[in-house]
Every structure is written in structure tokens, then in C-alpha cells.
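As a plain string of letters, each chain reads:
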Amino acid sequence: MTKVSKNIILKLDNLNKYFGGVPAVKDISFSINQRELVGLIGPNGAGKTTIFNLITGVYFPDSGHINFQGEDITSLKTYEVIRKNIARTFQNIRLFPRSTALENVMVAMQQHHACSFGEAITHFGRWGKKEREIKLKSMDILDKMGLAKRADQPARTLPYGIQRRLEIARALALDPEFLLLDEPAAGMNPEEVNELNHLIVDIHKELKITILVIEHHMDLVMEICPHIICMNFGTKIAEGNPDEIQRHPEVLKAYLGVEVDE
Amino acid sequence: MSGYTDGIIILLCINSIAAMGVSLLTGFTGIFSLGHAGYMAVGAYTAAILTFQYEVNFILAILLGGAMAAILGYVIGVPTLKLVGDYYAIVSIGLGEAIRLLLENGGTITRGARGYPGIPPYTTLTIALCFFVIMAFLMFNLINSRFGRAFKACRDDYIAASLLGYNTSKYRILSLVLSAFYCGISGALLGGFLSFIQPIMFDMIKSTELTAVVVFGGLGSMTGTLIGALIITLITELFRPISQYRMLIYGAILVIIMIIRPEGVMGQHEFGPKLLKVLKRKFLRGNFSKEGGES
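Chain order of the listed sequences is A and B.
In case it helps, this note's numbering puts the first sequence at residues 922 to 1183.
In case it helps, this note's numbering puts the second sequence at residues 6 to 300.
Next comes chain B alone, as it looks inside the complex (with noise of 0.2 Å):
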């Protein structure tokens, strides 16, 4: 396989790896987030100056790099979460920009807006995909239990949650913490893959390009999302030779998504035997394109 294709595969994991924690909270709990990039780049300079200025064995680094992320994200949820409604993605938004804001002016221990060079060139494609595999098995496995659907019922009606004995600020908080560790370990490969981060590459455009991979591929769907990822990830690479039309297309994507699938590419069905059951019923009754995915 050429180096050409290992990257793009590695970037696929590395996105997929943020878009499934931007996908637990905003698909599955219902917050949404405009500040996710924050998480990452909280990820990837823990990573980075731990690799390059102390050392640190980078997969312990990556950890930490996700741990970083995951605290950041308890210390930001437990004041705004306790609420209801849409304190956080406000909050969510000067988050993402005061994080950069604090990377560009950190001084030597971010290096400021230049960036921060030299990072171990460590996320190799074996290593993309052993986390891509290991974090999307801990998340399929965690939205088929309990938590999948404590999360759903606190996203679908708060009231009836809480009447159901449900601490429902507990469990959106716990969602924020897993979404932003798993953000902050996607960052922290992306630095390892690239060998330089800057603040820039974390900025509103990162965040909001997470949150409409999650939207594309369906709100409440883990296998819609990594089907987003995927599509979207392409969509920039394939037509990287017609750069300046890139982002054309990838609106125009989004915007056909909007209108001919509202609820995304998946709805809320996971890819599965029990989604070809569904489809198989629909098309036997011959009503498929009239009620679309919808059930």
C-alpha cells in the first residue's frame, strides 16, 4: 500500500475516533457541541509535549492526551450540564476559541501560533487502526447497555428521565467527559500522524465540521456517524486536486443530506440485521419511498 493510501486511512480512524465522541453526545444525549475542536487540540498538545519534551512512551501520552481532554470537559460540564437547554453549546462555543486563543499565546510551552514542530511521528496505520478498533468496540459496546439508553432517555424527554429515577445531569455530564476523552485521543494521533500541530487546525470550522459529520450521518446513529466520517473524510481527499472546489461540494453535500434525508443518512437505525429486517418489511409493503428510512 502506498503512502498515500496509509494516510488517508489513518485519517479516516483519527476522525472517526472524534466523530464517535461527538456522536455519543450530540446523536445519543442531545447536547450540542460547537467547540469540540478544543477537546482535540487539549488532546494533541498534551500528546505532543509529552512526546517531545519529556519523553513520555507515546501511548501512555495519548491516554494522558484524552485524560487531559476528559477533565477538561467534567470541569466544563458539571457548571453548565446541571442545566437544561443550551447552555453548554453556547459555553461550547468560547471554549473551542478560548482553548486556541490559550494554545496561540502559551508562550515556549505551546509555541504560540508558528505551532509546535517535531512531534515523534508515532501514529503509525497499525496504531490508528488498533485505537479506531479498540475505541469503536468500547463505544458500540457502551450504547448497547444500560448507558445507550439512559442517554437516549434523557435526550428524548428530561422530565420522564428524572421521574424514571435518573440523574439525568450525572449521565449528561458522563457523556461530555467520554465524548471530549475520546476527541482528545483523536487529537492526539492526528499530532502524531502529522508531526506538527498549530491552534489553527482546532479552530470553529474543526468543530463545526464534527458536529454536521454526526448530523449527516443520522443524530442517534453510531454506525451513521462512522458512515459520515467516512464520506466526509473522502470528500476532502478525493477532490484535493480541485482544491478551491472542495468545500463547494462538501456544502453542496450537506445540503442535498438536508433536504432529501432530514434526519441523516442513517436516521436512528444502526447498520445491522434488524435495519435489512426493516428495510425487507418496507419493501414488501412497496411504501419504501414514500415513508423514506422513517419507522
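For reference, chain A alone in the conformation it holds in the complex (with noise of 0.2 Å):
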């Protein structure tokens, strides 16, 4: 192994972001280490997805910088980011619908097993050899998803809860370094929580990757992430362990109001 778990892999310096007037992220510093599970919480509308669209060039930032393993990659394009190896997922799920699983994560995974122009259009060469290699270890990944069953049904049939894990399939055939899961639990039962907590456990172990992950289900958080970044109001206001932001003021009257006796 060559990654040092004690290494930087992703820093953020003073990040501003700004829609019209409104501070949507607003001088928001923080590092990450390598092979780090880090959680980022924040009522609604603190600016979490917004860190997220920063870090993989959706948008730009006003001022500030992003820093990806020594690489400043703040005015990179989206794909530019992505071929950095890392790898997101949305809120709102943002499969090919029509596509099926198995195309789904084939569509991710042949960004590493590239045939050229003229092997594909003629079927001639490598084509072949890249196109299984291509597609079985595309069932690997949906097998240890368990998807497996699934492979063939078109993506917008499944339900929501596969459509999930379909997509972070998806984000790990990109084979990333830093994985970022935006609101993977949501719209999701206790139950499917729960599975997804083992699930975002074992891939952190598994493939030994970083991953930033933004939740608002709190027991999903203070249960797998050992390092917690909170946020309100594009700002933000504690970061540790799961006891200190759990005893943080600032984090207590983010969510639950201020107390009444000062």
C-alpha cells in the first residue's frame, strides 16, 4: 500500500461561494485525511451540497481554494475533477433511467478499460477483450452490491432504496481515491439506514478510500463517522469527534434552538 493514512488528501481554504447576496458557503476551511470516513451535518440549506458542487467544478468558487491530494484543483472542469479519481453521488438520484443496471455502472466503469475510435468502430483489436473485461467486472461490482439479480432491469424500476446503492455501484466502477456521498440515507426506513451503514462501513474498509459523506440522519453519522464536520448557515461551526459535536453549543443550537435562559 503506498497511501499514508496520515496524509492530506482533500483541504479546503477559506471557500466562498455566493449566490447573488446570499453567502451560501462562506470561508469554509477544512482538511481530510487519507483513508478518513468524515461526516458533514447541517440543517437544511447550510450549505453542505453546495461544498460538494465546489469540490467536483459543478460551480466555482468566488474566492478560496481546493486542495486534492497536493493538486490544486479549485478551476477545474467537472470531468477534469472526476479523472482525479474521485467520485460523488447525489441527493436526488441521477441514474440513466432508461439504461439498465448493469449499463449503468458499464457507462462509469469503461472510463478505465478504453478501447480506441477505430477498435470500436470496427469491432477489430482490443474491442472485444475490453468489452468482457468491461462488463464482468461490472457484475463483480454489482454482485458485491448485491444488485446482481438486478443487472438487467432498467435502472428507473428499481426501487428507491436499490436505486441508491445502484448509484454508489456506480461512483465505485469510477474506482475513486475520495468517494462523496451526498444524503445517501435519504428517503430511506430505519431499516435501510441501517444496511446502508454496514455498507458505508465495509466499502471504507474494503477498498481502503476516503469518504466524505453528508447526512442529516445524526445516529447514521455519530454512528460510522469518527470525524464530524458541521455547518449552518454556510459557515462552519464544529468540527471532531462524535462526543464534542454532540456536546458542541453551537451544533446544540443549530438544532435544536437557542435555550431560553441566558
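Calculated from the structure, these hints are not laboratory results.
Part of the chain A face toward chain B, derived, beta carbon under 10 Å:
hint	residue
1	1036
2	1042
3	1091
None of the values given here were measured: they were computed from a predicted structure.
Cβ coordinates follow ideal geometry from the N, Cα and C atoms, glycine included.
The two chains are supplied separately, each in an independent frame; assemble them into the complex guided by the hints.
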């Protein structure tokens, strides 16, 4: 393993993003170490998804820097960021609805198993080998995620929880070093959340990757993330381990309101 | 075989090649075009001028006709397809008309609105069939490769596609270039078939017809496109004796398809063993009529 566990993989420096006059993200700085499992929490509209969008180049920050593995990725376009081995999922699922589950994963998988244009149009050369590789490895991922039975089903006909799983599978097919999960448990029942819990922990352990997860379910974050960042109104209000976060006055204020007796 | 049947088959090949080009762009990449007759015109005139004026070998001339159209597609595609949305559709209307007007006013080079006569009749049945088979082979291979999946990904959700590391504008441009190439080849073959081309042959009506064929066959189905090209070409040919009602029948068929199968004859299915399996399953479940061919 070349990965050193104490190295910083992602570093945000005084990141600012305004929508009109409204600050969505204000002076955010934090860093994430390699192989960490980090939770990003905060009330609705705190700017969590905006941070994801800034990291993945969907938006560009008004000021500040984003550094990934020692490289400045602030102004890179989305597809360039992804090619640095970052992958993400969405709060509202964005699968290719008419393609089957397998095809959804294959679209991601083929990024690492490309054949040339000439081979693609003639089906000569490496085309057959690459195509088999893509299919096999995609099936492998589906299998690991418990989706093998669903491989030939169009994505939009899958149950909601399965679609979430499939989206994570698709992100993993990119073979990322750093995985961003945007509210993976949104709309799930407690049982499904529990399953997801295990899944995320398993992925983190087995693939030895860094994961940053946005979550509303406090119990999920508290249970699986040793490192938590809490945001409110676009700023970072607390950072630390679950115990520290749970006792932090600012966090309590954000979630429970201001205490009456001052 | 009589000359007339030969003619229809040649026309079928020519129309199918153009329709495959439009299908790649509209059906598989999700970019609507209302000016693809412009690329046909560029291909037709390039090949016509090369063979008539400079006596270039006709195969080379046809390929150069396709190449010219592809280059034009690239030049138009770079500024319009970097943007997401219907910019290209709007630009394509202007493009198609601009090309037609340029040809009409092209002086001695294009010989203006009266047309370009005397093109050597190089498009024989064999040539047309050969071109059709090769172009169809390459097209089906393309859509069954990583490129096909990438095009579809850009069509279905360009943000998700870019978050899988795809440079979506690059794929959109590639799709347009290939599509223009197919239309250019088709135009060049048409010139060689008729021995005479005229700017008015490549007007807006021709462009809409190309898109109509693709929608008719099913957006996202290459075999559907071929079926569409077959049906539309045959309708216009078979009803030639009652030519005044031809457009009426043509319109009626499009309306009927829109009502009973809005997703086109084939939907997104390709004709093949996979489709037969799906149909069989549906028949066995007995709800074929309820769900149509959708799955």
C-alpha cells in the first residue's frame, strides 16, 4: 500500500460561494486525511451540497482554494476533477433511467478500459477483450453491492433503496480514491439506513478509500463517522469526533434552537 | 431487376445512410437538428464538383464529400455544442438555410439555383449497397461500443455523465461530426444517382423529413431508424401514381404513429434476439397490449 494514513487528501482554503447576495458557503476551511470517513452535517440549506458541487467543479468558488492530493483543483471542470479519482453520488438520484443497472455501471467502468475509436467502429483489435472486461468487472461490483439479480432491469424500475445502492455502485466503478456521498440515506426507512450504515463502513474498510458523507440522519453519522464537520448558514460551526460534536454548544443551537435561560 | 426497382433500392440506401447519421445525433446523443439537409448539400456539391470539374475518382470524391460535411459539422459544433440546450437546434435551421442560399448564389462554382447538371452517374446499385452495408456496419459497431454508451449517457443526463468523467461537449461534437459525415456521404451518393442536383433539394423540408424518419423509427434505436427510412421512402415512392395525395398520406402516418406509439416504431429497442426475448416475456404475462413495447 502506498497510501499513508496521515496524509491530507483534501484541503479547502477559505472557500466562498455567493448566489446573488446570499452566501451559500462562507469562509469554509477544513482538511480531510487519507482513508478517513468524514461526516458533513448541518440543517437544511447549510451549504453542504454546495461544498460538494464546489469540490466536483459543478460550481466554481468566488474565492478560496481546493486542494486534492497536493494539486490545486479549484478551477478544474467537472470531468477533469473526476479524472483525479474523485467520485460522487447525488442527493436526488441521477441514474440513467432507461439504461439497465448493468449499463449504468458499465458507463462508469469503461473509463478505465477504453478501446480506441477505430477498434470501436470495426470491433477489431482489443474491442472484444475490453468489452468483456468492462462487463465482468461491472457485474463484480453489482454482485458485491447485492444487485446482481437486478442487472438487466432498467434503472428507473428499481425500488428507491436499490437505486441509491446502484448509484453508489456506479460511483465505485470509477475506482475512486475519494468518494463523496450526498445524503445516501435520504428517504430511507430505519432498516434501510441501518443496512446502508454497514455498506458504507464495509466500502470504507475494504476499498481503503476516503469517504465524505453528507447526512441528515444524526444516528448514522454518529455511528459510523469518527470525524464530523458541522455547518450552518454556510459556515463551519464545529469539527471533531461524535462526542465533541454532540456536546458542542453551537451545534446544539443549530439543531435545537437557542436556550431560553441566558 | 428493372431500372425502377434498382432506383428505389438505391434511394433507400441513400436515405438510410442520412437517417443513420441523424439518428446518431438526435436519437443517441439527444441533440435535435433541423438542418441536416445542409450537410447533404455540402457532400453532394463537393462530390459533384470534384467528379465533374476535376475528374477525381468517384469513391474518393464521395469520401471527400463526407469529409467536407464533417469539417463543417465540427466548425459549427464547437461553438454551439459546448453549451447545453437547444442552441444547436436553432443554429441548425440557420445553417441549413445559409448553405442553401450560398449554393444558390455560388456563381460559376455551384451554378446557382438552376442546379448542377452532368454529374457522372457513379451511384450504381452495387456502389449504393456497398456504401450502405459498410456504413451500417460501422454505425452499429459504434453504438454497441463504449462510444454508444457514452453518447446515451450524455443524452440522458449530462451532469451525471460529466460526473463520471465524460467531457460531454467533446462527445456531442464527435456525434455531430460523425452525423454530418454520414449525411455528406448520403448527399454525394444522391448526386451521383440523379446526375443532377439543385439547392432546393436540400431545403428545410428535407431536413425535417430526416428528423421525422428518426422520430418515426424511435429515438435511440438504429434498427428503428432503418425501418423508418424504409417506410417513409416506400410511402413517397409507392404512392407516386397518386402524387397529389402523397404528402397527405405521409402526414397521416406520422400522426398515427404519434398517437399509437409516441416513442416511435421501435422505441429504444434494437431489433434482435434481445427484443424477441422481451416480447415473449410480455406475451406470456399477457399484458402486452397494456404496456405496449415499453420496458
